[in-house]
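Just need the whole structure built from these sequences, with the hints factored in.
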Amino acid sequence: MPFKDSGQGLRTASSGFREFKSRMSNKQTPFVMLAVAVVVILIGPFLPPGLRSLVIEIMILCIFAMGYDILLGFTDQCSLGQSIFFGTGAYGVVLAISYLNANLWLALIIAVIASIVLAFLTGLIAVRLSEAYFVIITAIFFSIFYLLSLSMSWLTGGDDGISITVPSLSLGFTELSLYNPLVNYYFAFFFLIISYLILTRVVGSPLGKVFISIRENSERTKFLGYNVFRYKLIAFILAGLFAGLSGALYAIRLRYGSADFFSFDWSVLPIVWVLIGGTGTLIGPCIGVVIMSLFQYYVSAWWAQYLIIVGVLIIVILRVSPKGIVGYIRSRKGKVKEKG
Amino acid sequence: MKLLETAGLTKNFGGLVAVDEVNFAVEKGELKGIIGPNGAGKTTFFNLITGSLKPTRGKVSLNGEDISGLPPHLISRKGISRTFQITNIFPEMTVYESVWAGVNSRAKQPWNPFIHAGAATDISRKTKEICQMVGLDSKMGELSTNLSHGDQRVLEIAIALSTEPILLLLDEPTQGVSPKEIDTMISVVRKVSEVAAVVLIEHNMDIVLELSDNITVLENGRTVTEGSPSEISANREVQKIFLGIE
Ligand SMILES: Nc1ncnc2c1ncn2[C@@H]1O[C@H](COP(=O)(O)OP(=O)(O)OP(=O)(O)O)[C@@H](O)[C@H]1O
Ligand SMILES: [Mg+2]
Chain A
1 MPFKDSGQGL RTASSGFREF KSRMSNKQTP FVMLAVAVVV ILIGPFLPPG LRSLVIEIMI
61 LCIFAMGYDI LLGFTDQCSL GQSIFFGTGA YGVVLAISYL NANLWLALII AVIASIVLAF
121 LTGLIAVRLS EAYFVIITAI FFSIFYLLSL SMSWLTGGDD GISITVPSLS LGFTELSLYN
181 PLVNYYFAFF FLIISYLILT RVVGSPLGKV FISIRENSER TKFLGYNVFR YKLIAFILAG
241 LFAGLSGALY AIRLRYGSAD FFSFDWSVLP IVWVLIGGTG TLIGPCIGVV IMSLFQYYVS
301 AWWAQYLIIV GVLIIVILRV SPKGIVGYIR SRKGKVKEKG
Chain B
1 MKLLETAGLT KNFGGLVAVD EVNFAVEKGE LKGIIGPNGA GKTTFFNLIT GSLKPTRGKV
61 SLNGEDISGL PPHLISRKGI SRTFQITNIF PEMTVYESVW AGVNSRAKQP WNPFIHAGAA
121 TDISRKTKEI CQMVGLDSKM GELSTNLSHG DQRVLEIAIA LSTEPILLLL DEPTQGVSPK
181 EIDTMISVVR KVSEVAAVVL IEHNMDIVLE LSDNITVLEN GRTVTEGSPS EISANREVQK
241 IFLGIE
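Sequences listed follow chains A and B, in order. Note that the numbering used here numbers the first sequence so that position 302 is 302, with each residue one more than the last. Note that the numbering used here numbers the second sequence so that position 78 is 78, with each residue one more than the last.
Because the hints were derived from the structure by calculation, they are not lab data. It is possible that some hints are incorrect.
Listed next, with one range per pair, are the computed distances between beta-carbon atoms [as the list claims (entries may be wrong)]:
1) B/Pro-91 / A/Arg-128: 20 to 30 Å
2) B/Pro-71 / A/Ser-153: 42 to 52 Å
3) A/Val-38 / B/Gly-69: 52 to 62 Å
4) A/Phe-295 / B/Asp-183: 57 to 67 Å
5) A/Ala-37 / B/Thr-184: 44 to 54 Å
6) B/Ala-7 / A/Ser-331: 48 to 58 Å
7) B/Asp-183 / A/Val-316: 45 to 55 Å
8) B/Pro-91 / A/Ile-140: 27 to 37 Å
9) B/Gly-14 / A/Ser-331: 44 to 54 Å
10) B/His-203 / A/Ile-125: 41 to 51 Å
11) A/Trp-105 / B/His-149: 53 to 63 Å
Output of the computed footprint for chain B on chain A, the stretches with three or more beta carbons under 8 Å from beta carbons of chain B [claimed, not checked]:
12) 201 to 210
13) 217 to 225
Think of the CB as a built atom: it goes at the ideal place given N, C-alpha and C, for glycine as much as any other residue.
What follows is the structure, encoded as structure tokens:
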């Protein structure tokens, strides 16, 4: 043990010093999140049906976005293949229910496990490759899975998809029907909270810190004795898992799955969410989802080419703040503190 | 048994022989200097030892165990650590976080997703000790990118030290360091050499002569000579290479 304990000097050294610089949040964040959660819980019954359905969609996609942030925001891996896992999650549920007569929980577990396995297998190949090649191989994987989902219509139903009757939600003491929109609302909220808690935990753990080291300097991280490949693979699997869960919930909400779940939209959207909201923040990507979904909901109705506005919006946001909206808010706060 | 030993270590880049049949050894507790003109192959030599490059020929062994051709993370786990000639740190991480990352790599479960990173008190204690040892304890909360160049060079060493190496390879720690900060750097190298064997690549002759127990001179990838500081400074051939004295 070459390092001697010298307790004395340490105390002076650590005065006024926070061990880990908080990139994720500040002291108020838990309260803000709690407040948001309480509001979401309370307004559920009072939302008009259209808006409620939109909020459900947003909550489900936030799970997807936060998972993708682990990949792009925390380990700097820009995958173009996330629709693979979104689609796999969706079909996991749809096929488990329609062919195996699985109950809802079992169907969800099957969907998530299928996504994990697929993320592991594709990750084994993709994660090895460096940046540009990683993007290309994940794009190739996307194409393969999308084409397969279209051509294997005996299994997937192709473009038309497969409709399911969603089994009722068994809670042990009672059974709830997801055909009741309010049940659906709290069902999605439950998974959003669980996902958020798990991911904030991961991000604050040693694993999360290693992810950040890899993002900041993956070469140097190797020289610290970390098997960077393995850590990147873990991040890839985590992103796949939450994409799969999100896809599964999305399919339950729509009560069907189709090849559309594998389409390019679902590979590009995560990137957009994370970039406009702010990489490496978990909350930022959720804000990205809210913005994009509101756009899709309100603007697409009167102008089909709304994506042009979205494109311009993305460019403007990234011009003003390369770290997205949340990054911008944080840097403003930092400046105010320095002045005052 | 030698701590580190290379036997006939060779690296070709196409037609260029950057490292040419180098036999080199480091004893426990030793501080060994390597000098040589630009392009002599010093950095390449480090790259071969630490797994950044695979040798064309030859062998590297640590405590008698053949480690040639292992990937960098495994060589790090064997106990060899290095710094880089061109500062290679974690820009948007604080000093504390950078050192912590290295210390954590030796934890039982460095990948643990279930605990809070700050909860492992032995890791945070060791991190602070290292920061203190190199004199960065008052800057632990600062982002690495905001440090002065001299402090970044010191951090470079602190990061290398964080994995508790038995052998530390320092690639020109004083590169670009202001005269004012050079003394700090020298004392840091001295302190570090108390906890690990050190190989020091250094352009500044005065510093190498002052710090090293033993010096190897490289030119064109080959070992020209080897000896104690007084032998090296008296050597005619070395004077020719470095001072242009005929
Ligand atoms: N990856 C590489 N590919 C091709 N040639 C290389 C590579 N790395 C180094 N070289 C060449 O090998 C030779 C030795 O380079 P090296 O960086 O090891 O020298 P050095 O002794 O560290 O020099 P300096 O004092 O300038 O740092 C140089 O001619 C260099 O151009
Ligand atoms: Mg060099």
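How the hints compare with the structure:
About 25 Å separates the C-beta atoms of B/Pro-91 and A/Arg-128, a value consistent with the hinted range of 20 to 30 Å. The hinted range of 42 to 52 Å is satisfied by B/Pro-71 and A/Ser-153, whose Cβ atoms lie roughly 45 Å apart. Between A/Val-38 and B/Gly-69 the beta carbon distance is about 58 Å. The supplied range of 52 to 62 Å therefore holds. Distance hint check: the CB atoms of A/Phe-295 and B/Asp-183 are about 60 Å apart, consistent with the given range 57 to 67 Å.
Checking the proposed 44 to 54 Å range against A/Ala-37 and B/Thr-184 shows it holds: the Cβ atoms sit about 50 Å from each other. Look at B/Ala-7 against A/Ser-331: about 54 Å separates their beta carbons, and that is inside 48 to 58 Å. For B/Asp-183 and A/Val-316, the hinted distance range of 45 to 55 Å is satisfied, since their beta carbons lie about 50 Å from each other. Look at B/Pro-91 against A/Ile-140: about 32 Å separates their beta carbons, and that is inside 27 to 37 Å.
For B/Gly-14 paired with A/Ser-331, a C-beta distance near 47 Å keeps the hint of 44 to 54 Å intact. A hinted range of 41 to 51 Å for the beta carbons of B/His-203 and A/Ile-125 is consistent with their spacing of about 44 Å. At about 58 Å, the CB distance of A/Trp-105 to B/His-149 agrees with the hint of 53 to 63 Å. Using a Cβ-Cβ cut-off of 8 Å, 9 residues of the segment 201 to 210 of chain A lie near chain B, which meets the minimum of three, so the contact claim holds.
By the rule of at least three residues with a Cβ nearer than 8 Å to a Cβ of chain B, the coverage given for the segment 217 to 225 of chain A holds, with 8 such residues.
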